[in-house]
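Can you make the complete structure from the sequences, with help from the hints?
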Amino acid sequence: MLTLIVILAIIVGLYMAWNVGANDAANSMATSYGSHALTLKQIVFIAAILEFCGAVLAGHRVTSTIAKGIVPIQFLDQHLVAIGALAALLSAGFWITLATYYHLPISTSHSIVGAMLGFGLAAVSQGYLTLSDIHWFVLFKIVASWIVSPLFGALIAFMVFTAIRIAILDRYDIPAVEHVFRYLQVGTACYVAFAHGSNDVANATGPISAALGFLGHETPIWVLAIGGLGIAVGIATWGYRVIETVGKRITELTYTRGFSAEFATATTVLGASMLGMPISTTHTLVGSVIGVGLAGGLASVDLRVVRKIIISWLVTIPVAAGLSIALYTIMVIFL
Amino acid sequence: MKFIRSVTDVFGYSPFKSLRLHAEICGRAVGLLQRQFHAYRKEDFDTVEKLRDEIDELEHEADKIKEEIRGNITSSLMLLVDRHDLLNFLTVQDEIINYCEHVGHMLTFREVKTAPKDIWDEFDILLAKIMEAVNEYEKLVDHIATLLASSFSKKEIVEALLHVPEIENLEHECDMIQIGLHNKLFNADDMNPLDAHLMIEWVVHLGEIANNTARAADRFRIMILSR
Chain A
3 MLTLIVILAI
13 IVGLYMAWNV
23 GANDAANSMA
33 TSYGSHALTL
43 KQIVFIAAIL
53 EFCGAVLAGH
63 RVTSTIAKGI
73 VPIQFLDQHL
83 VAIGALAALL
93 SAGFWITLAT
103 YYHLPISTSH
113 SIVGAMLGFG
123 LAAVSQGYLT
133 LSDIHWFVLF
143 KIVASWIVSP
153 LFGALIAFMV
163 FTAIRIAILD
173 RYDIPAVEHV
183 FRYLQVGTAC
193 YVAFAHGSND
203 VANATGPISA
213 ALGFLGHETP
223 IWVLAIGGLG
233 IAVGIATWGY
243 RVIETVGKRI
253 TELTYTRGFS
263 AEFATATTVL
273 GASMLGMPIS
283 TTHTLVGSVI
293 GVGLAGGLAS
303 VDLRVVRKII
313 ISWLVTIPVA
323 AGLSIALYTI
333 MVIFL
Chain B
12 MKFIRSVTDV
22 FGYSPFKSLR
32 LHAEICGRAV
42 GLLQRQFHAY
52 RKEDFDTVEK
62 LRDEIDELEH
72 EADKIKEEIR
82 GNITSSLMLL
92 VDRHDLLNFL
102 TVQDEIINYC
112 EHVGHMLTFR
122 EVKTAPKDIW
132 DEFDILLAKI
142 MEAVNEYEKL
152 VDHIATLLAS
162 SFSKKEIVEA
172 LLHVPEIENL
182 EHECDMIQIG
192 LHNKLFNADD
202 MNPLDAHLMI
212 EWVVHLGEIA
222 NNTARAADRF
232 RIMILSR
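Taken in sequence, the protein lines are chains A and B. In this text, residue positions in the first sequence follow the numbering used here: the first is 3, and each later residue adds one. In this text, residue positions in the second sequence follow the numbering used here: the first is 12, and each later residue adds one.
Keep in mind the hints are simulated off the structure, nothing from the lab. Check before you lean on any hint, since a few could be wrong.
[Claimed, not checked] Computed spacing ranges between beta-carbons, pair by pair: (1) B:D20 x A:Y130: 39 to 45 Å; (2) B:K13 x A:G129: 42 to 48 Å; (3) B:D20 x A:T132: 40 to 46 Å; (4) B:T85 x A:Y185: 35 to 41 Å; (5) B:D20 x A:A238: 53 to 59 Å; (6) A:L42 x B:T157: 28 to 34 Å; (7) B:D20 x A:K43: 24 to 30 Å.
By construction, the Cβ of each residue, glycine as well, lies at the ideal position given by its N, Cα and C atoms.
Laid out in structure tokens, this is it:
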């Protein structure tokens, strides 16, 4: 029975990774398509390879946070952990699919954190854990990182674009500068893909590695590779359409602006990966774009999206947690 | 497209391309008006009416652009210029083409037969001068592209605003020509009074085209400098 649950968790985890590639990775790469720094084929190629590299080479810390950072799974029976991980993946996967259908700008990272918390709370309600066993401080740090990351992205993007403006745009011929930044933006596109892979792969591999029962030691490379592969497949099978649709709406972005926003996003996200914090890359990208706007780089920035994002935070956690509690409670009875 | 989740709404509506297009349409309308006067002088009244309709169409097109801009500029947009400055600027720019339309219609009210040649010559000079002012104005508004590309660098602002005193000078020259024309028209004792009256109306309304061009240039400057 345990094997079956673990296999199911891997399958649903792959669906999660596919989702991350299909929408989140695609959104992060759309700025490179919008500014015409790269063609669609080039972007898909770069994104698939570098997301995979990021996942495999730098994905372990966030994976570990999702797997055992919130719920102390070492106190629980492996059977229960596997069910909990499966419940978390199913509820996050369901919520993400629903939200994607209704075009809600929710975050996959927030969903899986909410879902893992739901699993923990369900275990508390059944008396396997006490409320104080849940790692509330880690959860607090994660939530703080959600607030800090878009602000940090905005700050870096503001500084980078201001520096470009004062040191370069004011002094040299603008078309020549933009031409050079076209090549630099190819670099930041790779950087974004790598950073995104290193952070968001955990949304799939965190619960998988919990289900597999890797407690005392690091997540094995093959689990991260599965996650990375799922993301790459997501980009290749659906993400390219998202990149095309979304990129076409971004017409005002020049290479210097794209470079600034992408550099800020990637730096923030990779930093969060190093700290093991599961943050939202797309929300960080929004912060970075606003930062470029505040530095005078964009003709128009629509701040309505900020309200939408805050609402999506407030909705995602209870919904993902609630679904996870319900699924876990039902599954514990039958499995 | 279904199954898409995106945050790119953050890239808001940008009115600047449409503003340039609106200015270009104003320029085209003044060009048509100049042709309409030439046709009138040659007593080619079919062409006069045809050109009136063309100007009407341009005015309608400009109105649609104005509506598009006004309808999309919401308070949630963080623009590079003040929202109210931009909308004020647009209102004045729109007056340029509104007055073109007025004059276009006034040319079809009556066939003026008693005006002496020197008055017609003066009208030609006035229209050429207005055309010059509007061309200069279009150059000013075209600077929006480089202003945006450079994120409003000081160098680009200075370069763009060099056109403003130029436009104001041209508007002043238009004023002088108008005064001359009024003088002539009020002393044209041999003219049919209705002819003279209509021509005086033309002068006043043509003056408004030049005035609003200069005012729009000034609003543009306010918009750029008070960011």
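Going through the hints against the structure:
no.: 1; hint: B:D20 x A:Y130: 39 to 45 Å; verdict: holds (43 Å)
no.: 2; hint: B:K13 x A:G129: 42 to 48 Å; verdict: holds (43 Å)
no.: 3; hint: B:D20 x A:T132: 40 to 46 Å; verdict: holds (43 Å)
no.: 4; hint: B:T85 x A:Y185: 35 to 41 Å; verdict: holds (37 Å)
no.: 5; hint: B:D20 x A:A238: 53 to 59 Å; verdict: violated (26 Å)
no.: 6; hint: A:L42 x B:T157: 28 to 34 Å; verdict: holds (30 Å)
no.: 7; hint: B:D20 x A:K43: 24 to 30 Å; verdict: holds (26 Å)
When the structure is compared with the earlier hints, a violation turns up for hint 5 alone.
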